[in-house]
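A.B. asks: The chain contents come next:
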Amino acid sequence: MDKCHKFKESRRNFIRQATGAALGFGISGATGFDARAALKDGGLVKLTILHTNDTHSRVEPFPMDGSKYQGLGGAARRAALIGRIRAEEQHVLLLDAGDIFQGTPYFNLYGGEVEMKLMTAMGYDAATMGNHDFDNGLEGFHKQLPHAGFPILCTNYDFSDTLMKGATLPYQVFRKGGMRIGVFGIGIELKGLVADVNFGATQYLDPLKTANKTADLLRNELDCDLVVCLSHLGYSYENKKVSDQVLAAGNRNIDLIIGGHTHTFMEVPEDVKNLAGGVTTINQAGFAGINLGRIDYYFEKKRRSHVKFAAPYLITNG
Amino acid sequence: MMMFFYKRIWFINWLPAGLLLMTSLGCSTGYQLSKSNRKEYVIDQKTGADSTVIKAYLPYKAKMEAEMSQVIGHSAILMSKKSSDTLPESLLSNFFADAVMLEAKKVDPSIDFGIPSTKGGLRVDLPEGNVTVSNIFELMPFENEVVVYQLSGQQVRELLDFVAATNGQPVTGLQLKIKDRKLITAKVNGQEIDPAKTYRVLTSDYIGGGGDKVPVFKDIKDRKSLGLKIRDALMGYVREMEAQGKLLSSSLDGRIVKL
Numbered sequence: 001m002d003k004c005h006k007f008k009e010s011r012r013n014f015i016r017q018a019t020g021a022a023l024g025f026g027i028s029g030a031t032g033f034d035a036r037a038a039l040k041d042g043g044l045v046k047l048t049i050l051h052t053n054d055t056h057s058r059v060e061p062f063p064m065d066g067s068k069y070q071g072l073g074g075a076a077r078r079a080a081l082i083g084r085i086r087a088e089e090q091h092v093l094l095l096d097a098g099d100i101f102q103g104t105p106y107f108n109l110y111g112g113e114v115e116m117k118l119m120t121a122m123g124y125d126a127a128t129m130g131n132h133d134f135d136n137g138l139e140g141f142h143k144q145l146p147h148a149g150f151p152i153l154c155t156n157y158d159f160s161d162t163l164m165k166g167a168t169l170p171y172q173v174f175r176k177g178g179m180r181i182g183v184f185g186i187g188i189e190l191k192g193l194v195a196d197v198n199f200g201a202t203q204y205l206d207p208l209k210t211a212n213k214t215a216d217l218l219r220n221e222l223d224c225d226l227v228v229c230l231s232h233l234g235y236s237y238e239n240k241k242v243s244d245q246v247l248a249a250g251n252r253n254i255d256l257i258i259g260g261h262t263h264t265f266m267e268v269p270e271d272v273k274n275l276a277g278g279v280t281t282i283n284q285a286g287f288a289g290i291n292l293g294r295i296d297y298y299f300e301k302k303r304r305s306h307v308k309f310a311a312p313y314l315i316t317n318g
Numbered sequence: 001m002m003m004f005f006y007k008r009i010w011f012i013n014w015l016p017a018g019l020l021l022m023t024s025l026g027c028s029t030g031y032q033l034s035k036s037n038r039k040e041y042v043i044d045q046k047t048g049a050d051s052t053v054i055k056a057y058l059p060y061k062a063k064m065e066a067e068m069s070q071v072i073g074h075s076a077i078l079m080s081k082k083s084s085d086t087l088p089e090s091l092l093s094n095f096f097a098d099a100v101m102l103e104a105k106k107v108d109p110s111i112d113f114g115i116p117s118t119k120g121g122l123r124v125d126l127p128e129g130n131v132t133v134s135n136i137f138e139l140m141p142f143e144n145e146v147v148v149y150q151l152s153g154q155q156v157r158e159l160l161d162f163v164a165a166t167n168g169q170p171v172t173g174l175q176l177k178i179k180d181r182k183l184i185t186a187k188v189n190g191q192e193i194d195p196a197k198t199y200r201v202l203t204s205d206y207i208g209g210g211g212d213k214v215p216v217f218k219d220i221k222d223r224k225s226l227g228l229k230i231r232d233a234l235m236g237y238v239r240e241m242e243a244q245g246k247l248l249s250s251s252l253d254g255r256i257v258k259l
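First to last, the sequence lines map onto chains S and F.
Under our numbering, think of the first position of the first sequence as 1, with each following residue one higher.
Under our numbering, think of the first position of the second sequence as 1, with each following residue one higher.
These are computed hints drawn from the structure, not numbers from a lab.
If the Cβ cut is set under 8 Å, some of the chain S residues that face chain F in the computed set are:
| id | residue |
| --- | --- |
| 1 | ALA76 |
| 2 | ASN283 |
| 3 | LYS301 |
From a predicted model like this one, the values you see are computed outputs, not experimental measurements.
Virtual Cβ for every residue (Gly too), placed ideally from N, Cα, C.
If we strip away everything but chain S, and leave its shape as in the complex, we get:
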């Protein structure tokens, strides 16, 4: 019952927020979305998801040395950009899909302390682990956790027999404007990619099965309105190795996969038809904090008297 009370409170908040939100972003009729009708029916609310992956200790922008990405990225700029978006948007989730560590001497000298502190300062809500986050062993990662003011989400690494036991969470449900957003993490197989000694007794659980089990739980038991998977599996492979594409097609309840590992710069997110006949969207934002990814979701109050129809994508240069 307590939960219901919270809901009612948040619903009142929601109506206020939705009014502002709907007036604010002025959706055109061309999108097939009638904001006024949505409002009349109980309003709508916007959730902004910001994301990075494979930031690889890139605290400062790439040096001006003639290399491909010279002058790009940098944590202070990312923080400024995130700050501006937060000032504009009410409901923001900031997520990272792993490989926070390794790539500049900041990691070699300080072991990830700087990266964790800066992510905390930027207000990251959650991150998952990439293979390079094991580069200083489980001890090396564990040592940096006091600097991380956000949860590390890992569903398919079983750390029970290691010193990381209890240090990560399988998933987290975030409440934003009355909505429930379930976020969980899926990691890549470590054997062969990471030195044995660095992952020790970590048990690797089947990514597809574990992801489905967790997403089903988040959707069906924990009433999540949106289910997000932070994945370090990699976008796509030529062989049958499990990738984000495989996971997208082979799941029932994931709305969004925020990917990593393959350092893929995606022009547009990819929508894949999943096992339930719905859409699982994959997005990845390159690497090294060169880009910040953003996806806005608009939620409507469930309408009981309308049947909604699908509208096709409208891709613009907006």
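Go by the hints and put chain F onto chain S.
C.D. replies: Relative to chain S, chain F alone:
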């Protein structure tokens, strides 16, 4: 910037089920996804910077720069990463392999020969003159460790076939003759390879795990980690040469000869 808009359709037919859920549980948050769009930001100088974040990392940066710019040795020559003129050997390959081997032998003198990296794993040139900590970090940015494997004579042949087929790799303790990317003769420290003997071979945990497509090691269980990072081995060698007042150098000494 690309954006996209779409409607989600998969709540449509849930009407009766949704009502049922609402009445029976009465606790669903009651939202449904109707639309999403997407944007991506490139982060460059136009983004502006958050000075509190700069302030947070400045002390680390200052300490790091002091550490990284420290001169730990001097090189008589430029050792270039570009090796196309000198393959199957290169000055940088020979220097790298010998330096890691010398330091590793202080921990384990029983090592017969080594292939501590592939040539692709040597990331940058080592300059003539001052050699800084930063130079070594750039040459070897990864946290790879020195590992010693026990190989049979037959497995050594297979490994050296790979070295020949790839037109040479950074090796030490070997004398190879290759022709048309085939191994013609191979000696370990001047001795013919004995098929009945086992050899103790240095490499990195990365190469040992099959990294850079190096064969043989990944199937071998008998391995020993020396608790020494490749970069620390290089650093140790450079510092020791400096302490002895010697310049770093390298030569194409004919360890791999193309016939």
